[in-house]
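**Q** Chains as they are written, first to last, in our numbering: chain R, 1346 to 1664; chain X, 56 to 374.
One or more of the hints may lead you astray.
Said to hold, decoys possible - Within a straight-line C-alpha distance of at most 30 Å, the following computed DSSO-like cross-link-like pairs (lysine-lysine) qualify:
1. X:Lys222 x X:Lys232
2. X:Lys366 x R:Lys1472
3. R:Lys1651 x X:Lys179
By construction, these hints were calculated from the structure, which means they are not laboratory data.
Okay, here's what each chain looks like letter by letter:
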Amino acid sequence: MANHSTTPRPATVAAVNRRIRRGRIEPIIFHTFNTIFMVVLVIVTLYPFLNTIVVSLNAGNDTIRGGLYLWPREFTLQNYKAVFVSGTIYNAFWVSVARTVLSTLLNLFLTTMLAYTLSRREYVFRKPITFIFILTMYFNAGLIPGYFLMKDLHLINSFWVYVIPSMISAFNMIVIRTYIGSISESLVESARIDGAGDFKIFWQIIFPLCKPVLATIALFVAVGAWNSWFDAFIYTSSRQELSTLQYELMKLLSSSMNANNNPSVAAGAGMTQGAAAQMVTPLSIRASVTVVASVPILLVYPFMQKYFVVGLNVGSVKE
Amino acid sequence: MDETLTKDRTGRKSKKEKKMTWSLIKSQSQLIYMSVPLLAYIVLFAYVPIWGWTMAFQDYKPARSFSDQKWVGFKHFEFLFKDDSFLQVLRNTLAMSVINLILGFTTAIILALLLNEIKKVFWKRTVQTISYLPHFLSWIIVTGIVATSLASDGIVNDVLLKLNLIKEPIQWLSEGKYFWGIVGASHVWKEVGWNTIIYLAAMSAIDPALYEAADIDGASRYRKMLHITLPGIKPTIIILLIMSIGHILEAGFEVQYLLGNGLVLDWSQTIDIFVLKYGLAQGNYSLATAAGIFKTVVSVTMLLFANWMAKRLGEERLL
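Bound conformation, chain R alone (with noise of 0.2 Å):
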């Protein structure tokens, strides 16, 4: 333990009073300016996305003069209103919740399955399938052929494209299956000796039992679905129907990049014109669905914080 080599100083008055000196100051200076420091790191995260929620509560056409910061000055819930009566970006919503909830629900059904699997010790193919699995980590045919082969499958233009493609992620069946193998294994065998087959076994014992690190995965699937865009970009947007969120914000964000404080663009993103169309602008419209596009992750997040630690340690130790 404390087997480095370190020869004790020799003990002059002055190396005692520096020692005292540094014992009592230095930590009150140390901690001040760490305390600054992850102040201004706070602030630094939160204030770009604070500041987004006051634009999606402020009146557009005042939102233009600039200087808001971090209180609106006119106060209202027009921009709201203008998106969720907005077909478009309404319809986007519920394919985006639609999308998330099955792709998580089949990634935590199949990929736990495959996992409980492959940590049975006995089965004949574990090692070829877990190697399959292990190498599609590393690589990727690339968007041309994969473009391809959603072709052949006729899933362009199809809401599976966001489903079906990845149910499936090697890396989460490695956290898994490193969770499964900490479960005893005499709670599986004596499940068999009660003359319980694989799939039951699976489904009443190990996947309930799995919560903890399920969680995590939930999250982490539950996220990437929630998050992408960019299927929606290149094998869906020719059918607005199934535009998502995150797609519909893309569009957003890139027209009123080009064509700054242009109101046609609001109109072209299927906002109503009218009296309400004064106070909505294309900025303020981006500030709200910006908002509404992150505020169902964040609520979550800060509870399953306990659950990121395990999941990121086993993940980091691959076979």
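Start from chain R and add chain X according to the hints.
**A** What follows is chain X alone, placed relative to chain R:
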């Protein structure tokens, strides 16, 4: 209890000694039903598209059948490496991924060291929770926030003007020379908190007796960081560094695509954007596939190299 355990163990041993027989496969039919369809699934979605790599060696025309395609050997690869725009894209990709790598590692390690010094548990938890927030936002939202903050009337120019550091607002996103830095900073903003998780976990595993011994020897805080904490997390750092070597051509796609604009094209385009542009936008599938293959081959080679290096350094294998 003991009896059943020993029975189990011998039972498993005798199974291991058995060769793969039909009766064994039959007895594991449920495991097979549970995993082989998933194997077929992953083969279809991850391995079958590799067949599409043949396109890179043809002058691929979608209308023709496979036997009618014209084979051209390495023509497209030769074209790539004579093409100035591809070389530029390659430079951008490498530069941004190296910047991201260096910035990402140093900031996360420094933040983890500073978080580790916070003694008040509640404050530490609060800072951590807040620092994870951007990780859960999509790149669409993050690039929106970055674009808003860097606008000529955005918060960054605001602060710089008020501090008298600049005379007039800087057009951050219109000048190529800032682009790589902005991409690096965006990555840091999004992921620095999240990346500390794994280091903090490694730090909590360091033997407290080492710190106590150092205290007795009168070691300062910085000496303890330098000689105890950093060596304690060195294995973690090395593993993560090696793992990221495989991603040297993964500079990201979303940030560059979403933040890039006509003015900074020479600095913002990466291999992935090149593939998208030539492949899906212009229909030059062969060239785009060749670029994709190049990327995959480099990644896999780097990964094998990293794995070999990890073995030599006596770290855990990655594959």
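**Q** Against this structure, judge whether each hint is valid.
**A** Going through the hints against the structure:
1. X:Lys222 x X:Lys232: holds, 19 Å
2. X:Lys366 x R:Lys1472: Given that 30 Å is the threshold and the Cα spacing comes to 21 Å, the pair holds.
3. R:Lys1651 x X:Lys179: holds, 14 Å
No hint from the list above goes unmet by this structure.
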